[in-house]
Amino acid sequence: MPRVLLIEDDPSIREGVALGLRRRGHEVRAAGTGEEGLALTDAFDPELVLLDLMLPGINGVQVCRRIRETSLVPIIMLTARGDDFDIVVGLEAGADDYIVKPARTAIIEARVRAVLRRRPDTPGRHGVEHHGELAIDRAGLTVAKNGERLALAPSEIKLLLHLSAAPEQVFSRQQLLESVWEHSYHADARLVDACVRRLRHKIEDPAHGPRYIQTVRGFGYRFGPL
Amino acid sequence: MPSRAPFGLRTRLIAAFLLVAAICAVSTAALTYRQARSAVLTQSQDTAVSTLRDQLETVALTLPLDQRQLQRVVDEVGRRGKPHPWVVFGEYGTLRASSADLGSPVSDVLTDTLRSQVSTHPHGAFQRVTDDRGEPYLTIGMPAVFLHNGAREATGAVLYAVMPLSTEQQTVDAMVQAAKQGAVPGLAISVVPALLAARSVLRPVRDMRRAAQNLGRGRLDTRIEVRGADELAGLARTFNETAGALEESVAELREAEARARRFAADVSHELRTPLAGMLAVTEVLDEDAEQLDPDTAKALRLISAETGKLAVLVEDLMEISRFDARAAGLNLDDVDVAEAVGKTLQRRHWDDERVSTDLPEGVRARLDPRRFDVVLANLVGNALRHGAAPVRIGVRTAPAPEGERLVVEVADSGPGIAPEVLPHIFDRFFKADAARARSAGSGLGLAISLENVRLHGGTLSAANAAEGADGFGGAVFTLDMPLEAAP
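Protein chains in written order, with UniProt numbering: chain U, 1 to 226; chain A, 1 to 487.
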């Protein structure tokens, strides 16, 4: 059963969400503050973090950054619609997805499962693929650049795997939201853009323009051509 | 700004001022001229008439006169003209004599009128005439008389004196000239006070017009500088007081409105947190309800269902509050319109025979996908709930000067919208049917749709389709927005 760490300051939401997830078989630990949450991240070693952005003390975005410094655990932000700025900052800080409160447990759980889901290996593709300086291991879900393993967050590696599975094919943001994030078609394209920025930061050569993840204006993104 | 009249206030003021000045100058000059002219002329006439009479009386006459004597009398009198030299003509029966050697013993400026007057006036008569060349003359006729029993009896001899009035004419001409020379510069000088007067009236008027324009543009803090204590200053003061009162009441209204909106936003915000907790556990209630007694189960299901509706309502209120606070922004993305419409229908399981679509291939638009989905879902949901299936969705593009437009029409097969309802269809919490107090939606769906479309720079309108041959006469909602929304 997945271990979920819930960091949420409001007791009713904390208890409600924890109760709902526990009943669905998750092992949930809840923290009321960012500090408590960071302590539990080390002690509990969660498989996923549900993180409220509006926290007293150190806020959600800072917690997100601190977690990302040491861990690639999937992070889902809990936000209210309208907190647009916080959503963008949270995504830049390394969060993989976000859920707008209030949300039913079914929705939260679906999102949790989507983030935790490891991409089934593309049939007929095994071993390590080489794209320029990148070595992508689809089975092991690892990516290396010039032989050095890259620390990619779950959403980043999923996006890279999806794009590189069909080099030079253009994917719209909506298609990527559906297939990588398992969101609805009309979801927030900023998820894709933020993830692409983070991914580029890790795999692209900063001296040149994007080589692996290319923007196709008016359409979306594609992998290559190299 | 309305175009100015061809004759503005300034022109009219100056014209009126000049007109008054001209009338004054002309009438003064005319009166003076008349008086002076008659004074000059009367004096000359009186002198001449009395001189002629005196001369005639001092001349000894022996009747009957002969040509020689008549000539002598004429010559004698002719030498003593006053105030100017004159020419004297004598007439006695058929005899004619003249003091000047003019060729003709009869003057051509003596008129029959004068002659007839002389015959009836023993004291003589005079007349002012001009000759062919326009030269003015004074002609005097004086009958020679003798006293008989105290009465003046005519001798039959008449002397006519013709005196040129050119000197008087010159004097009068000089007066006219002086009047002209005085009036023109006077009029020219009077332009200066006219301009000053016009300015002193026009400046406050111009200030006031500018201030009124500013006020109309919404700058309610506009005030006019009050100068002096005349009527215009009074008007300016009244204007300032009015503007002040207006500013105050508008500020109060805005404050009240902002308070109301803040209150709505605050209430929604406060409701959201407890709702989030409740919504997370409604499924627990739903799942466990089966094991409880029927009443408890019913109650729990009711709570669960209403919690869900409340959550939707609160979210919609928050959304409206963000529009009111202008805090709503667009997250634009490039989408295939046909695909976006298809996904909206598919997500809500409307992709069956209830909804038919006419979607052109390959139309790409730049819009906020979530908001577009909200608008379309509201329109189709509304059509299915309040109208009737089948609902038709038509998508097309239309060229426009400022860029191509995306036009989406959602038409249902219901009875249409009542005409009295149509203007309020986008109002918040508007219920077309008063009896149906609550519908499935929050009552904010169309209001939110309208705001979402406006955010894209578009319009959303409702109408009823004309009853066509295909039997369609239902409501038609038309969304018209730029194909590429500006962020």
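In short, the hints are calculated from the structure, not lab data. Treat the hints with caution; some may be incorrect.
Said to hold, decoys possible - To give an idea of the interface, some chain U residues facing chain A are shown, with a C-beta separation under 10 Å as derived from the structure: (1) G25; (2) E36; (3) A39; (4) L40; (5) D84; (6) E92; (7) T105; (8) Y185; (9) V192; (10) R200; (11) E204; (12) P210; (13) Q214.
As the list claims (entries may be wrong) - DEER-style ranges, computed between Cβ atoms: (14) U/K202 with A/P415: 26 to 34 Å; (15) A/L422 with U/R113: 24 to 32 Å; (16) A/A256 with U/G224: 53 to 61 Å; (17) A/E270 with U/G57: 54 to 62 Å; (18) U/F219 with A/A256: 34 to 42 Å; (19) A/Q213 with U/K202: 43 to 51 Å; (20) U/F219 with A/L422: 49 to 57 Å; (21) A/F323 with U/P56: 40 to 48 Å; (22) U/F85 with A/E270: 15 to 23 Å.
No residue lacks a Cβ here, since even glycine has one placed at the ideal position from N, Cα and C.
Output the numbers, in ascending order, of every earlier hint that fails for this structure.
Structure breaks hints 1, 2, 3, 4, 6, 10, 11, 12, 13, 14, 15, 17, 18, 19, 20 and 21.
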